[in-house]
Every structure is written in structure tokens, then in C-alpha cells.
Amino acid sequence: MTYIAKPKISHPGMPRNSLGLTVRDYEGAVSTLCAGCGHDSVTAAIVQAVFELNIEPHMLAKMSGIGCSSKTPAYFVSQSHGFNSVHGRMPSVTTGANAANRKLTYIGVSGDGDSLSIGAGQFVHAIRRNLNMCYIIENNGVYGLTKGQFSASADIGTKPKKGLPNQQEPIDPVSTAIALGATYIARSFSGDKDQLIPLIQGALSHDGFALVDVISPCVTFNDHEGSTKSYAHTREFYHHVVEADYIPPAEEIKAQYDEGSAMPIELHDGSKIVLRKIESEYDPTSRAKAFKYLRDRFNAGEITTGLLYIDDSRKEMHDLMGNIETPLSEYPLDKLQPGNAELKKILSRYR
Amino acid sequence: MASVNDVVIKIGTVNGTGSASANGLLMKSIFRMGIPVVGKNYFPSNIQGLPTWYEIRVTGDGYQARSNRVDLMVAMNAQTYARDLDELAPGGWLVYDSTWPRSKLLDRDDVTVLGIPLSRMCNESFDGARARILMKNIAYVGAVAALLDIDLNTITTMLEETFASKPHLIDSNMTAIRLGYDYATDNFVCPLPMKVEAMDRTKGHIIVDGNTAAGLGCLYAGATVGAWYPITPSTSLMDAFRSFCSKYRVDEESGKRTYCIIQAEDELAAIGMVLGASWNGARSFTPTSGPGISLMSEFLGFAYYAELPAVVFNVQRTGPSTGMPTRTQQADILSCAYASHGDTKHVLLFPGDPAECFTMAQDAFDLTERLQTPVMVLSDLDIGMNDWMVPDFEYDDSRIPDRGKVLSADDLENMEKFYRYLDVDGDGIPYRTLPGQHPKGSFFTRGSGHTKYGDYTENSGDYQDVVDRLLLKWETARSIVPEPEIHHSKFNKAAILSVGSSDGACKEALDRLSAEKISLNYCRVRGFPFSDSVREFIEQHDVVYVVEQNRDAQLRTLLMLDCDADPKKLVSVLHYNGLSLNAEFVVQRVLEEHSKGQAA
Chain A
1 MTYIAKPKIS
11 HPGMPRNSLG
21 LTVRDYEGAV
31 STLCAGCGHD
41 SVTAAIVQAV
51 FELNIEPHML
61 AKMSGIGCSS
71 KTPAYFVSQS
81 HGFNSVHGRM
91 PSVTTGANAA
101 NRKLTYIGVS
111 GDGDSLSIGA
121 GQFVHAIRRN
131 LNMCYIIENN
141 GVYGLTKGQF
151 SASADIGTKP
161 KKGLPNQQEP
171 IDPVSTAIAL
181 GATYIARSFS
191 GDKDQLIPLI
201 QGALSHDGFA
211 LVDVISPCVT
221 FNDHEGSTKS
231 YAHTREFYHH
241 VVEADYIPPA
251 EEIKAQYDEG
261 SAMPIELHDG
271 SKIVLRKIES
281 EYDPTSRAKA
291 FKYLRDRFNA
301 GEITTGLLYI
311 DDSRKEMHDL
321 MGNIETPLSE
331 YPLDKLQPGN
341 AELKKILSRY
351 R
Chain B
1 MASVNDVVIK
11 IGTVNGTGSA
21 SANGLLMKSI
31 FRMGIPVVGK
41 NYFPSNIQGL
51 PTWYEIRVTG
61 DGYQARSNRV
71 DLMVAMNAQT
81 YARDLDELAP
91 GGWLVYDSTW
101 PRSKLLDRDD
111 VTVLGIPLSR
121 MCNESFDGAR
131 ARILMKNIAY
141 VGAVAALLDI
151 DLNTITTMLE
161 ETFASKPHLI
171 DSNMTAIRLG
181 YDYATDNFVC
191 PLPMKVEAMD
201 RTKGHIIVDG
211 NTAAGLGCLY
221 AGATVGAWYP
231 ITPSTSLMDA
241 FRSFCSKYRV
251 DEESGKRTYC
261 IIQAEDELAA
271 IGMVLGASWN
281 GARSFTPTSG
291 PGISLMSEFL
301 GFAYYAELPA
311 VVFNVQRTGP
321 STGMPTRTQQ
331 ADILSCAYAS
341 HGDTKHVLLF
351 PGDPAECFTM
361 AQDAFDLTER
371 LQTPVMVLSD
381 LDIGMNDWMV
391 PDFEYDDSRI
401 PDRGKVLSAD
411 DLENMEKFYR
421 YLDVDGDGIP
431 YRTLPGQHPK
441 GSFFTRGSGH
451 TKYGDYTENS
461 GDYQDVVDRL
471 LLKWETARSI
481 VPEPEIHHSK
491 FNKAAILSVG
501 SSDGACKEAL
511 DRLSAEKISL
521 NYCRVRGFPF
531 SDSVREFIEQ
541 HDVVYVVEQN
551 RDAQLRTLLM
561 LDCDADPKKL
571 VSVLHYNGLS
581 LNAEFVVQRV
591 LEEHSKGQAA
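Residue numbers (my numbering), protein chains in the order written: chain A, 1 to 351; chain B, 1 to 600.
No wet-lab data here; the hints were simulated from the structure. From the three backbone atoms N, C-alpha and C, an ideal C-beta is built for every residue, glycine too.
Derived pair list, reagent style DSS-like, types lysine-lysine, alpha-carbon separation capped at 27 Å: (1) A/315 with A/103; (2) B/166 with A/345; (3) A/344 with B/256; (4) A/345 with B/256; (5) B/247 with A/315; (6) B/203 with A/344.
Cβ-to-Cβ under 10 Å is the rule here; a few derived chain B residues that face chain A: (7) 248; (8) 252; (9) 256; (10) 261; (11) 268; (12) 274; (13) 277.
The shape of chain B in the complex, shown without the other chains:
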């Protein structure tokens, strides 16, 4: 199995042992050699003691998805040794800690097993149980560096940067790297036939997770109020926002905070706080995951009907119910689109990677204030918590945030009378006022029946006037949500349509299908309600493979409901086992369906 810059490394450890920083060091060292990487973390819903894996795909071609094969397994966890060995591709290599003998029963003759006495070497070189455990992780990084030919200088530089404030740790970490590296070079033929070689494909790129990117986006959007209830996998979004705020949101004059983060008692309160803050004119948001959306639903319907802005990040995880909180899915599409009772529907944004988490966080605040309705950003665990290589973020310093139709005290002073729910401009969006600006601006915000003048009503016609105008606003939303990403050739009559984190695997699948002489067009939806271009795209094709990560074809259902798409054209490719999507799966399913179509 000889290859250059096309290798998948998987490291099996025990959670709570500090392996995350070792794995980060390994991945970033490869990234710094100019080689694109994909990192995926498979972790348990647990604090300490259960199996956890980190997978690094080195992809010179720059693909974004995980691969479904493993070439080099670093099996550090005796508990999962059998499973790890089993997962290894034929011709692959397995590194294990040979301090303790391995059962002969676990032998496979189509792989090469490399034993390295990592624990013994670390016990001899370091004092203290914690240091020995941590350094064992660093030692396997050294071994992998030797096996794959990762540049030792790059690793040294990274350690120097990481421990700049604790120089004594640089030496001990380098010692550990050397233990692994030297043992491997002394005992095996290094590098292996599959290895890495410096390239120039990572310049202008960063490695970042989507939750950090979204938190940064909220900082740049000028969000001031964040309310949340801790829930995996969204928690790190607020952690990131808080960390950015602690540096960039301190008032120069008073030294006081220009942000307010409130850890709510539950998600019902979190969304209530967001609505109270947006009613008062602050940009406010809440990050959550599926169960939180269920709890927020009543208030989301209120916000739809009372026309209040709110930004909700739903970092989707595997449902139903508690499901698998540390696995990924795209299974809240329908529950978000129609969250709450009554005729309710919501604007959704679908970032495809962390770069779009950064930009769409900003877009979400503009859209929610422009449309005066909640905007939900549907990320997922794969985007939110995994490290992605993406182009550098840019902020346009000339960007003027869209605060929507808000009347100032001067506007009100010069007005005869203000009516909250009147469609003055014909786009279905009324004007709003903020409390504390002017007595003429006062009105009563309510979830009960109201007239276009803002008064309470139980009159059928007056009620219907308002809900009909909300439909007009929905059409305005359709015209301003982000357009889909489309790759189109008029020669192709079949296409793939996907959403969010399914993007990377789909694009890789398109390349591979094309190599098999199956050329497909591509559309990735980025907003809901769907732009006209989505409807047109479907109309232009005889068959559209709708690729999504849920069991019930929720995106396909939404396309039928919102674009009146012909169900016969929409062929589902569904992946919902909780692991992020890989290209192989898409290729196989499309080939199956394609051959059925040929036969028919």
C-alpha cells in the first residue's frame, strides 16, 4: 500500500487521558507541511475512561470528508484492540503499546503489526503517573512522525509555540517525541511505503471547528446578549463567544463588559431571554441542539407571530430523543422548519463548513432583524466540533449591518401615529419600534390574535389579514436568504442535491463518479425557504439524488412542501448511523440507483 499524502491515521485511546492535544499536534504538523488534512473526533458521552478515537485523513487532493478506510491504526486502548485491528484496511499498519504482550488470537496476516513499548519507555523517562500518561500520547506522535516521515522541525516549532510560557514543558515533550521517533527508526524500516511529503496546499487556510467559527461570527455581528443552556454538541459555541468577548468586549473607558452572557435555567428560558433582548434592540442569540429546539418550540412560534428577531444555532446531533449526543446527524430539518403549533414556519440557514458558520452567523443577525422573525442556523456535530481546514476568514470593514426597519425617536416624533403590524412597503415586513425611544412608539407585543394596527382581536377578518401578510413576508425571505451553491452543465440530466456537512462527501463522490463516466450536476441548498433557483434546478433534471443525514428524508420532504418538487424525481440517499458522511457511501448508493434507472 504505497502512497504519498493519501493516508488515514486513526488513534484509539481512552477519554480523559489528554490524547486530544497529542492528536492536534500530529494533525497540525502535517497541515504545516502544506498538506490538507481532515480531522474527525469520535468520542463517548462520558467524562473519563471510555474508548475514544481520533481520525486524521491526509488528503493531498484537499477533500473535506472523512474516508471510510483506515491505513495506520494507533491502538493505544487494550479495550478496543480487537475492534481496532478489525477496522484496519488490508495492507495497513497497526501500532500498539508492546509494554504488555498482545494476544496471538488477534493476529491478522494481511496487516503489519508494529509493537512499541511506549509505557515502558515513558515510565523510565518521566516521573509521576499523570506525566507518564500524557507523555505516552506525545511518544506515539513521535513514532507516527518517523513512520510517515513527518518533519521533526515542524513538530518542534509547534511545541515551542504551544509551551512558550512554560519552557520546561518543551524539553519534556521533545524527549517524548524522540522516544517514539527513535524507537521506530531503530526497529522498523522508516518511513513506511505510505508517507507524507511537503506540499504547498494549506497556505491561506486555517484549521478550526464550526462552533468556534460561529462564536467568532457572533462577535463580528455585534451580538451583545447570549443566553444558553449547556448541551452537547453546542456548548463550545458559547465558550468560544465568551472567550472572544473577554478580550474584545471590554469598554475602553469604564473597563466594563459590553456583552451579557446568561446561562439559563433551561432552553425555555434561554429563548425567552433572547426574545426579550431582541425586543429591546440587542442582537441576541442562543446555541442549542435538538432537545433544546423541542423545548424552545412554543417561544419560536410566539416569535414568528409577534415578529421578533432571534438567532438560534442548532448544532444537530443524533436523535430521536437523547439519541447519541456525541454523534452527528441532520435530523432536525423538519422540526426546525416548522417548530411550534399553528401555521408556523421558520427561516433556516445551512452552513456547509466552519467558514460558513462564520459568515452565516453574521448573515443570520442581518436576516433576523430585516425579516423580524427567528433565523435558525443548522450546523451539526461534524461541523461544530470537528477540526476543518478552511480558507482564512475575511471581515469586510465596510460592511454595514442590516438592522431592519426600526423607527428612531425622530421618525416617531414626526409621525402622526405608529401602527406595529402595518405593511407600509408591500414586502410583508412592518416597522418596529424599540422600548424607551419615544412614547409614540409604544405598542403591545402579544402572541394572541392581533390586528394590523397591533390591537387585540378575535375578529376573523382582522386575524386573517395578519397571517396572510406573514405569508407575503415569507416570500420576501425567499428572495433574500443565501442562494444555493450550484455546479451545472446543460449536458447532465441527473444531479446530486445536498445540504450542510454532506457537502464534502458529495463533492468527492462527484469526482469519483465522473471518473466512472457518470457526470452529475450539483446543488447544495444554503437557506430555507428555498430560493427560486433551487426549484429551477430540480425542474431542469430528470433525477435528483437528495443526499442527507437522516432516516426520514427530511430535506426531500421539505423540497416537496416548499418547492412543490415532483417526488418521483427525488431519489433519497440517506446516511444516519451517527458517523459523518463519506464519499464511498454516496458513490455506492448513486451507482445502485443509477443501475436501477438504466434497467428501467
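One chain only, chain A, in its complex shape:
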């Protein structure tokens, strides 16, 4: 959303991925967000994740709605097509885009206003269809562009800069997604790149709807004392329950894991996610148990993070419908219409 081109600075020693590209090739325009905005850290994590996944830039589609978070697709992978749609409608545009071309990798960047208020209907239905996409919510509890109104994810008791604390029940995207049957659900913090990058990589590789809810503090309107979405509050109550390591398709699992604590999950593209439980009682493969755990910790004021739920067995949208692998947009048009002779046969029904 900027018109300031970022100078490409790269030096010969920079690491290259299997496409011969450096991380600089995955950057975008200069961010126009406030200095210190959590969203810029998420952008940096996306750049790193996509670079390491060796995704060809033009095979990535960047989708968004309206809001500070929705501006960010302009700030990463400038050689990808971007679609900055209208407020709360990114999921429907992505659904149609994916319907037309299932070969692209879809990353949607949304916010708590965009996904949990105006776009709540589209958010839940994209989950219901198991749309194959990585859906990132940059969650800061406030509307930034309109200057600091509470969003639907604001916690009870959290204080605004001016005015009275929020008294309404927050909508938690993670427990909502579990209830709705999303097939990959993670939560992270913009300040924890080590955790965030593999979660985004897993989400991009997962064959189905992958939600990454990122607590991403708003430095201007929601980073003060008494706010439950501030950097300080998030750091203090951040509770990491499951580590997830992302292993690319061709690579072996090299790290040493303790017997019984690691759980490798193979994704459709041959890559693996290795889950390591930090909290022994946590079970990221059971909707019911994960939901109960999350609600219990939520009631205790904690922010549970990690890869919180995964089910790689369910079919994504196209496979549920039995659609062809070839992108519909590339299927030759002359093979899509049966011709005049067949038309005459069709018409015989109407005599």
C-alpha cells in the first residue's frame, strides 16, 4: 500500500534457495505502518517462510481485505500477484481464485476486525469448505486505521487508551476455528519469529484451511498498561504448548527427539511437521481435548500458542467436489462446450 519502492540491497554471499533467489527477492515495498507495529514482524516472517519453502514468487497469491493487516501484502513478495479486496471479503475472493486455479499457493492476511466482525461470515464458511489456503490473522484487539476502537477480539477488562474497559465476550479465532472444524490451527506472537516461521511454513504446505492467529500488538492504540494485547502482556502470559518444526519435502528428520515426545506428521506435499509437546497433557489431534485445554487456559488468563490442532486427513475444497487437477482457468475453452450437433440433441428435450 506504499508507493515508495524499496531499494534492492543484496550481496554475493547471501544464501540462495533452490530457485537461486535470495531473501531480498521475496521482499516487497517499504511498510507504511507505525514503527514497531507487530504486523511488520509478521511480514518479515512470511518473507522468510516463503523464501525457505522455495515458492516461485509468481505462484504465490497474496489476498487481503481492509485494515492495517490487509495493507501488508504490498510489503512482501512484490513479484506475486496481490488482491486487496473489500472489508471482510478476502475469504470469498480467495475461494473463487482457488476455484479457478488450484495450483497457486494462497496466503491471506487479515485482521481481527476484518475476520471477526465484518468478515465473520466469510471466515467461518472458508473453514467449512476446507479452502486450501494459509489464513493469517494479525490480531491486535483494535481498529487501527480508524484510531483505536475495540475489535471483537478485545478481552473482557482490557483497557482502551481513553474510555471504559471492554465488557463484551471476545471472539477467539482459534477456539472458533476448532469448533468449526478447521484442519490446521496455530497461534503465535509477532515477537516470536522462531515459533512463527515454521507455523507459517506448515500452514502454507497444509492441504486445506490453515489458520495462524498471530497476536500482533498495535503500538499506537493498544500497547499501554491494562491492555491484554500489548507486547508486555503477551510476553508475560504467553504459554507455548506445542513446538512445531517444519521439515521440507526432500529432507530427513535430523534433530534428536526424546522418545514419545515427538510426533511427525507428513503433509500432502511430502514435507513434515514434527510436533513436540511442551505441555504433556496437550493433544493437538483431538478437537474436544484441545478445545477444553484452550478454554481452561484462556479462563486462567493465559495465551496458548503453538500448533494447536491438525487433521491432515480431510479433503480440501476441490477434492471434496471431485474437481480436476488442471486449473479450470487453463482448461481449453473449446473443450468446455459440446458443439452445435450436441446442442440439437439437447433441444429435443424442449419440444
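Keeping the supplied structure of chain A fixed, place chain B upon it in accordance with the hints.
Same frame as chain A, now just chain B:
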């Protein structure tokens, strides 16, 4: 009331009782005798138990509109008996189920009442409540066949075709036909003085509704992505597309589908899906009706400004608000032309019958890709859901669809740099690229202010450059939308101008006015922005009767806005009670206005 091949039959039943197939059988039997027919369905916004009517106009002259008179009423619904009797033209005939006695209070001495004990006969001949109800419908078809002299062999052939896979149903249906037919011939003088006689005027024609035709058009246009939210009266369009796709869109090699139909969560999502798909290069569409257009408006403005193709079928129904969902109107003309906030306007196509639903569905995809802007096809309930007799559809196998200005990977490879919104050719239409083709093709699609290079802007001049170019594109659109249908004689200084489903009634009215020595020219607009020929047509006349089906003269307003037409010339003839237009109404209104003009 003696006549041949000029009779209007109206059948009053209860919805949910299976009368639709009986009425279809009756109408198609007449059609197969070579006699033109018009079918109109008057149905409630309800599933079961409320009154419903089917009207069949037998018109040897081949007119397309409904008539406002009823000659033969088949009053099967006791609930509406009084109303049905009242509607019958003097000298007409009324058939009723005489199993139960009819109140004497309802007698009219200028019509002939024919009682047939349909329920009693069916109860004696068939077992089971459902069969008895269904067969009662078939039995009245038999009675009407005897009364009007419809060929029994034709009916038998139709039943044999319909139930080819369930032969036992042929016998039971024929039994029911015979019950009605024999009772009528045994008890009344058959045929009545008004009757049908075989002709040769339906060869090369079909009977089809506009939604089926539009769905077929989408199949032939190569549409692959359809997104929709169910809404009367547009739902059957997607049903038809799905049904054609299930047969013709299966990949030979993999056996998998080469189409993707998504039932959206609402119309906001439906149009979002269409735009996402068209952005990616698929031909995509959504069928909807007025309330859906209201919900889609924000995205339609986005598509106008970001320059994305989209085909939207608006099968108009009676507004405002929920209005009467099962009645017809042409009242979304303005809301479609200017859907969305800001300086926004949209290309519209106006099919006049199901045949044009088939062709315009294909034209719409070509135009939307050529112009990179949404194209809305404004049908209505009358066209979309009623059965029309139209000439056979043709598909030109040599037709090459116009995919518009899309750069290929090779084009991009050989280019220095690609700019999305640059007017290279001077026609206001920029080049576009599809995601996934080439890294050089990437750009940012946005509804926020942008420059001709595709960058974000808040600069006044750069912003204005783009919206001014959109006006140039609008003029290009004017030159390529379908031309109006015009019937012109230089001797006539007055004319009728109409749109869409008003066509049939207007043409019939022209014949009748001509018989009264009032000769008028005729123009039916078929696209918006209006072609220059529409503006010229208005300029050539002293008075133009603008016939349309809404209260607020929306077409007339649009003519004033887009062609700068002189309002004093444009005299409105407005019909907006929810029923489809009839010629009598047009004739009366034009005569009234004509005599005012004479007096002045």
C-alpha cells in the same frame, strides 16, 4: 365465442399437488399440433397449500405475451372458485370438480359452467391418496382435450416419452386422460365452439424458460466457476447449469469435473468468488435477483474500479425490499446501472426472451473479458421462469470466444515492463495478466486509489487520470454492446421504445394500433450504455412511448441520463402490478396519450 386457435385456458390449483406436469403436458400437446402457445405460471411464495394458476394462451398468430382475458377456466381449487369465476370472460366456459356441490351463489349467467366429477372418478379408479391427487390433474387434461379438440394421439405420444423408463405409469396416466375425455364427450357437446386445429407454425421451435436457456448459454460460453446464493426467481438458472455440467463437464481422461459450482454463504460472498475466479482467468458468473444486487453492490464498484470481469444474471422480481418474490418486474434497471458508491456505472444486457438469454449469456462473457468490467444480464421472472416458444438455438462451431487483452507468459517475457492500467491502444482498455503466468506480470489489484501504472496513490492528478480513462472505456463499451432492435418507417413520427420482456406485448400492441390506423415505429434497447442508434431513434421522433415494467420510469430516466434525451418527448407507459405485460394495456395507454396529444 367461437374461435380457432385463439383461446386462453387458465387452470387454478393448489401448489404442491403436482399440477405443473399436467399443465406442461396440456401446453406441449397443443404446441406439438403446430400451434403457437404462451405459458404463464402464477405461483405463490410458498411450498404447499396455497393457490396457484397456470395460464396457456393458444395463439395461432404467434404472439409472445400473455392475454388479459380467460376463455376456459379449469377451477380445481375451491378456495379460489369465486375469484376464478369472476375472472372468466363473458361467453367463456368454466370446468370444475363436481364431486362436491358448488354454491349456487356463485352463478354467472353469461358463462357456461361444466361440472366433471374428477375426484370421484379418480378415487374409483386409483389407489392411494397421492396417486388420486396426481391423476385428478391428468384427468382435467383429458377433459380439456375433449373440449378443445386436442389430438389424443399427441397426448399419448407425450406420455410415452415422459414415462419411457416407467411404462406402468403410461397406462395409469392414459386411464386418467380417458376418464376426463370420455366424461366430457359423453356429457357435453364436444368440441366447444372455440377450439384448436393443427397448424404448422411450431416447427423449428422449442418451449423453454429463460433460466434454462441462460444456464445452457453459460455452458456454451465455457464458464467454469459459478457462485450463487439461492434466491427466487434466479435459482433455476444455476440448477440448469449444474445439470448440463453433470453431463458435459466431465474430463474424459480423469473422469473429474471441469467446473466448480459453489453455493455461497450469501450474495456478498457469491460475487467475491466470481471476482476471485475471473481475476485468475476463469469465466465465472453468479445468478441473483434484486436483493442480491443490493448486497453485491460494494463488490460491483470494486470490480468497476479494479477492472475485473464478472457476469451477473439479475432475474428481476417485484420490489421494493422483499416485495413479491414470485411476481415479475423490470425495476432494477437503475440500481444495476449505477450499483455501488462513487462514480460507478455498469454494462447491462437486456434479453427479450429465452432465446436471447442463451445468446446474451455468451455475449456477456465476451464483453466482460473484452471490457474488463462487470456485465449484468437483466432478465426477469417472466422470461426466467415461464415457458416461452422460441426458435431453436444455434451455436456457431466456428465462434472464437473473445478473451480480451490478456498477456501471455511469452508476451511478458519479451516485454520491458508491464503496467496494469496503461491505455496502450487508446480505447480505454488496459492489458491484464493472470496470476501464475510470469513474475513480470505481477501487480496489485486494489479498490483504493491507483495510478495508471498500478501503484497506490493519493495524488489528485494520478487518480483522475484513471477515472477519466474509465470514461473512455465506457464509450468503447457503447460501441460494442448489442444494438437495439428497430422497426422504422420514415412516415411515422411517434414510436414505442421498450426493453426486455415488454417486447412481446409491445409488438402485439403495434399490430393492434396499426389496425386502428395508428402506425408507430419501434425500438427495443438491448444493451447499456445505449448505442448511438438509440439516441438517433429518439431524435427522429416527436413522441416516444417508453414502455417498461416499473413505477418510476427507470428506463426513461436512464435514456435521459445516458443519451441526453429530451424528457418532453418521452411519454411513460408503466406497468408494475407484478403480472407480466399484456398488449391490451399498452394499446389503451397509448390511445389515451395519443388522444391527449391530438387534443393539444
